[in-house]
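A.B. asks: Okay, here's what each chain looks like letter by letter:
There are 2 protein chains.
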Amino acid sequence: MKRQLVAVVVALGTLASLPAAAQFQKPEDAVKYRKAAFQVMAMHFGRIGAMVSGKAPFDAAAAASNAEVAAFMSKLPYAGFVDGTSGTEKGSPKPIVWTERAKFDEDAKKMQDEMAKLAAAAKGGNADQVKAAFGNTAGACKNCHDHFRVQ
Amino acid sequence: MKRQLVAVVVALGTLASLPAAAQFQKPEDAVKYRKAAFQVMAMHFGRIGAMVSGKAPFDAAAAASNAEVAAFMSKLPYAGFVDGTSGTEKGSPKPIVWTERAKFDEDAKKMQDEMAKLAAAAKGGNADQVKAAFGNTAGACKNCHDHFRVQ
Numbered sequence: 012m013k014r015q016l017v018a019v020v021v022a023l024g025t026l027a028s029l030p031a032a033a034q035f036q037k038p039e040d041a042v043k044y045r046k047a048a049f050q051v052m053a054m055h056f057g058r059i060g061a062m063v064s065g066k067a068p069f070d071a072a073a074a075a076s077n078a079e080v081a082a083f084m085s086k087l088p089y090a091g092f093v094d095g096t097s098g099t100e101k102g103s104p105k106p107i108v109w110t111e112r113a114k115f116d117e118d119a120k121k122m123q124d125e126m127a128k129l130a131a132a133a134k135g136g137n138a139d140q141v142k143a144a145f146g147n148t149a150g151a152c153k154n155c156h157d158h159f160r161v162q
Numbered sequence: 012m013k014r015q016l017v018a019v020v021v022a023l024g025t026l027a028s029l030p031a032a033a034q035f036q037k038p039e040d041a042v043k044y045r046k047a048a049f050q051v052m053a054m055h056f057g058r059i060g061a062m063v064s065g066k067a068p069f070d071a072a073a074a075a076s077n078a079e080v081a082a083f084m085s086k087l088p089y090a091g092f093v094d095g096t097s098g099t100e101k102g103s104p105k106p107i108v109w110t111e112r113a114k115f116d117e118d119a120k121k122m123q124d125e126m127a128k129l130a131a132a133a134k135g136g137n138a139d140q141v142k143a144a145f146g147n148t149a150g151a152c153k154n155c156h157d158h159f160r161v162q
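Protein sequences, first through last, are from chains A and B. 12 is the number of the first residue of the first sequence in our numbering; add one for each residue after it. 12 is the number of the first residue of the second sequence in our numbering; add one for each residue after it.
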């Protein structure tokens with residue numbers, strides 16, 4: 012179990028350099044990409060949410076694999092926040108993403124870190140620890156959404 | 012480099028059990044999920060395609076990280092092929108996905124295997140090997156599309 016966790020963390024680490032390598036032919040491609048990546052992340056994260064809120068029974072193996080995917084996915088969408096892709100409809104990024112980029116990047120990193128901690132907790136298999144880590148991660152999501160996302 | 016590759020392969024291995032753990036509240040959620048996962052995979056795979064076709068310069072580090080993500084993503088979409096989600100518009104899965112499920116699963120596995128080989132080749136950093144592995148992977152994609160996807 013521990014060896015697997017180390018492997019996942021190493022694998023995630025190699026992704027840290029991804030945004031610089033990212034290339035989109037058109038701004039719309041970047042928008043589609045980040046939406047798709049967030050969507051996949053949210054689907055897996057949401058399954059853990061269902062468990063910790065009691066809507067679904069706690070399943071340690073399912074929590075672990077879903078958290079692993081969510082943590083992997085959390086590294087991807089930010090490459091898609093290329094210049095000129097703010098929006099006005101609900102859920103779009105506000106222009107301040109680009110004028111307050113350092114704060115945005117910090118908020119993104121915070122979410123990725125919490126997601127990695129959630130993956131570690133889920134590998135451990137303790138439902139209480141998963142619940143606590145899920146709450147911290149959800150808080151990191153909300154923190155960024157409240158400031159940077161069109162309500 | 013070799014240690015990283017082992018780490019990635021181990022990480023990918025833990026995902027093999029994902030489909031069984033997958034749950035979607037509605038069939039539409041499953042469709043959205045598989046489309047999003049394929050979209051992210053295709054974006055990363057396409058960047059390697061641009062390199063091997065000469066549209067972009069070969070960048071070993073970028074090829075490696077893109078192939079790593081594509082290989083990870085290749086494990087995800089199939090959980091979204093739940094019953095009753097065939098379609099008639101271009102790009103949708105034909106009903107034979109469900110009546111010929113063993114062949115579909117075999118084709119999916121073939122693509123995933125080729126994608127993992129591409130990730131291994133890309134880690135190695137040899138452009139010719141990346142090109143060959145890319146071709147094999149693209150062939151596995153096409154093989155499945157030709158039979159199971161609405162043209």
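Fair warning: there could be bad hints in the mix.
[Stated by the list, open to error] The calculated PhoX-like cross-link candidates involving lysine-lysine, where the alpha carbons are at most 25 Å apart (straight line), are:
| # | chain 1 | residue 1 | chain 2 | residue 2 |
| --- | --- | --- | --- | --- |
| 1 | A | Lys43 | B | Lys114 |
| 2 | B | Lys66 | A | Lys114 |
| 3 | A | Lys37 | B | Lys37 |
| 4 | A | Lys101 | B | Lys66 |
| 5 | B | Lys105 | B | Lys121 |
| 6 | A | Lys105 | A | Lys153 |
| 7 | A | Lys114 | A | Lys128 |
| 8 | B | Lys37 | A | Lys43 |
Honestly, the hints are just simulated from the structure, not real lab data. Just so it is clear, the structure is predicted and the values come from calculations on it, not from any experiment.
A.B. asks: With reference to the structure, classify each hint as holding or not holding.
C.D. replies: The hints, checked one at a time:
1. Note on lysine 43(A) and lysine 114(B): the hinted pairing is violated, with a Cα-Cα distance of about 31 Å set against a maximum of 25 Å.
2. Taken as a hint, the lysine 66(B) and lysine 114(A) pair is broken in the structure, with Cα atoms around 35 Å apart against an allowance of 25 Å.
3. A C-alpha spacing of about 32 Å is found between lysine 37(A) and lysine 37(B), which places the hinted pair above 25 Å, so the restraint is violated.
4. Restraint check for lysine 101(A) and lysine 66(B): the C-alpha separation of about 36 Å exceeds 25 Å, so the hint is violated.
5. Restraint check for lysine 105(B) and lysine 121(B): the C-alpha separation of about 19 Å stays at or below 25 Å, so the hint holds.
6. Our distance criterion of 25 Å between C-alpha atoms is met by lysine 105(A) and lysine 153(A), whose separation comes to about 15 Å.
7. At most 25 Å may separate the alpha-carbon atoms for a hinted pair to count; lysine 114(A) and lysine 128(A) meet this at roughly 21 Å.
8. A distance of roughly 22 Å separates the Cα atoms of lysine 37(B) and lysine 43(A); the hinted pair therefore holds under the 25 Å criterion.
The structure fails to meet hints 1, 2, 3 and 4 from the earlier list, while all remaining hints are met.
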